[in-house]
Amino acid sequence: KAGVTQTPRYLIKTRGQQVTLSCSPISGHRSVSWYQQTPGQGLQFLFEYFSETQRNKGNFPGRFSGRQFSNSRSEMNVSTLELGDSALYLCASSRWGQGDEKLFFGSGTQLSVL
Amino acid sequence: QKEVEQDPGPLSVPEGAIVSLNCTYSNSAFQYFMWYRQYSRKGPELLMYTYSSGNKEDGRFTAQVDKSSKYISLFIRDSQPSDSATYLCAMKGTGNQFYFGTGTSLTVIP
Numbered sequence: 002k003a004g005v006t007q008t009p010r011y012l013i014k015t016r017g018q019q020v021t022l023s024c025s026p027i028s029g030h031r032s033v034s035w036y037q038q039t040p041g042q043g044l045q046f047l048f049e050y051f052s053e054t055q056r057n058k059g060n061f062p063g064r065f066s067g068r069q070f071s072n073s074r075s076e077m078n079v080s081t082l083e084l085g086d087s088a089l090y091l092c093a094s095s096r097w098g099q100g101d102e103k104l105f106f107g108s109g110t111q112l113s114v115l
Numbered sequence: 110q111k112e113v114e115q116d117p118g119p120l121s122v123p124e125g126a127i128v129s130l131n132c133t134y135s136n137s138a139f140q141y142f143m144w145y146r147q148y149s150r151k152g153p154e155l156l157m158y159t160y161s162s163g164n165k166e167d168g169r170f171t172a173q174v175d176k177s178s179k180y181i182s183l184f185i186r187d188s189q190p191s192d193s194a195t196y197l198c199a200m201k202g203t204g205n206q207f208y209f210g211t212g213t214s215l216t217v218i219p
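Chains E and P, in that order, give the protein sequences. Going by this note's numbering, the residue at position 40 of the first sequence is 41; the numbering climbs one at a time, nothing skipped. Going by this note's numbering, the residue at position 95 of the second sequence is 204; the numbering climbs one at a time, nothing skipped.
The set of hints was computed from the structure by calculation and includes no laboratory data. Just so you know, not all the hints are guaranteed correct.
Said to hold, decoys possible - With a Cα cut of at most 25 Å, we get these calculated DSS-like pairs of lysine-lysine:
{"no.": "1", "chain 1": "P", "residue 1": "LYS179", "chain 2": "E", "residue 2": "LYS103"}
{"no.": "2", "chain 1": "P", "residue 1": "LYS176", "chain 2": "P", "residue 2": "LYS111"}
{"no.": "3", "chain 1": "E", "residue 1": "LYS103", "chain 2": "E", "residue 2": "LYS58"}
{"no.": "4", "chain 1": "E", "residue 1": "LYS58", "chain 2": "P", "residue 2": "LYS111"}
{"no.": "5", "chain 1": "P", "residue 1": "LYS179", "chain 2": "E", "residue 2": "LYS14"}
{"no.": "6", "chain 1": "P", "residue 1": "LYS111", "chain 2": "P", "residue 2": "LYS179"}
{"no.": "7", "chain 1": "E", "residue 1": "LYS103", "chain 2": "P", "residue 2": "LYS111"}
{"no.": "8", "chain 1": "P", "residue 1": "LYS151", "chain 2": "E", "residue 2": "LYS14"}
{"no.": "9", "chain 1": "P", "residue 1": "LYS151", "chain 2": "E", "residue 2": "LYS58"}
{"no.": "10", "chain 1": "E", "residue 1": "LYS103", "chain 2": "P", "residue 2": "LYS165"}
{"no.": "11", "chain 1": "P", "residue 1": "LYS176", "chain 2": "P", "residue 2": "LYS165"}
{"no.": "12", "chain 1": "P", "residue 1": "LYS151", "chain 2": "E", "residue 2": "LYS103"}
{"no.": "13", "chain 1": "P", "residue 1": "LYS179", "chain 2": "P", "residue 2": "LYS165"}
Please construct the entire structure, taking both the sequences and the accompanying hints into account.
Set out below in structure tokens:
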């Protein structure tokens, strides 16, 4: 069974640009969450989607947005990039709400903002 | 106060040692407890999953949950250099959000 797939693996952008990251969850998983990971802050929760609806949102500015498609694939978008947005962005899928609380992560997208 | 506290280390042990990693938490509603292993520049990999209190063993790994003390542990027996990674604890209640520790960096020296 394929795991969580994130693309692209690496991204280099400049300040002010925008970026879109993609995530394909494990087959059968309808919940997709996004996290930002930095050395100083650890894993920070961005938002979670279930059946195309955002169920929960972390404490990030409106520049960070996401969506989920009918096939459970998800995208997150960051507009007007800032240097502090440089981080590893992780997508995770689960069967939460379907009787299974385990969370499975992708390999992440390493974003560098110059 | 953070929901989950984890000593960041770093922790350095000789090969073959027993490693003990710990997390404390403040929310008594947490019921699901997980340990993840994360290698450099990779996503976290689910290592152990426990529901409620008690012990769970999987090979060289043992996870313990003490809900009365709000304390969870991961023990690694006969540690190997390949165990060198960052270990993250995570937990969840009945809501739809997971809470993570900041991770403990472990190095096993051959």
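Outcome of the hint check:
1. For the hint pairing LYS179 (chain P) with LYS103 (chain E), the CA-to-CA distance comes to about 20 Å; that is within 25 Å, so the pair holds.
2. Our distance criterion of 25 Å between C-alpha atoms is met by LYS176 (chain P) and LYS111 (chain P), whose separation comes to about 17 Å.
3. For the hint pairing LYS103 (chain E) with LYS58 (chain E), the CA-to-CA distance comes to about 19 Å; that is within 25 Å, so the pair holds.
4. As the CA atoms of LYS58 (chain E) and LYS111 (chain P) are separated by approximately 18 Å, the hinted pair is consistent with the 25 Å bound.
5. At most 25 Å may separate the alpha-carbon atoms for a hinted pair to count; LYS179 (chain P) and LYS14 (chain E) exceed this at roughly 42 Å.
6. Restraint check: the Cα-Cα separation between LYS111 (chain P) and LYS179 (chain P) comes to about 13 Å, which is no more than 25 Å; the hinted pair holds.
7. Among the hinted pairs, LYS103 (chain E) with LYS111 (chain P) is consistent with the structure: their alpha-carbon atoms are about 22 Å apart, no more than 25 Å.
8. For the proposed pair LYS151 (chain P) and LYS14 (chain E), the alpha carbon gap of about 20 Å is at most 25 Å, so the pair holds.
9. About 24 Å separates the Cα atoms of LYS151 (chain P) and LYS58 (chain E), which keeps this hinted pair within 25 Å; it holds.
10. Taking the CA atoms of LYS103 (chain E) and LYS165 (chain P), the gap is near 15 Å; set against the 25 Å cutoff, the hint holds.
11. The suggested pairing of LYS176 (chain P) with LYS165 (chain P) holds, with an alpha-carbon distance near 14 Å, which does not exceed 25 Å.
12. Annotation: proposed proximity of LYS151 (chain P) to LYS103 (chain E) holds, straight-line Cα distance about 18 Å (limit 25 Å).
13. Distance hint between LYS179 (chain P) and LYS165 (chain P) is fulfilled; the C-alpha atoms sit about 17 Å from each other, no more than 25 Å.
Hint check: a violation occurs at hint 5 only; the rest are consistent with the structure.
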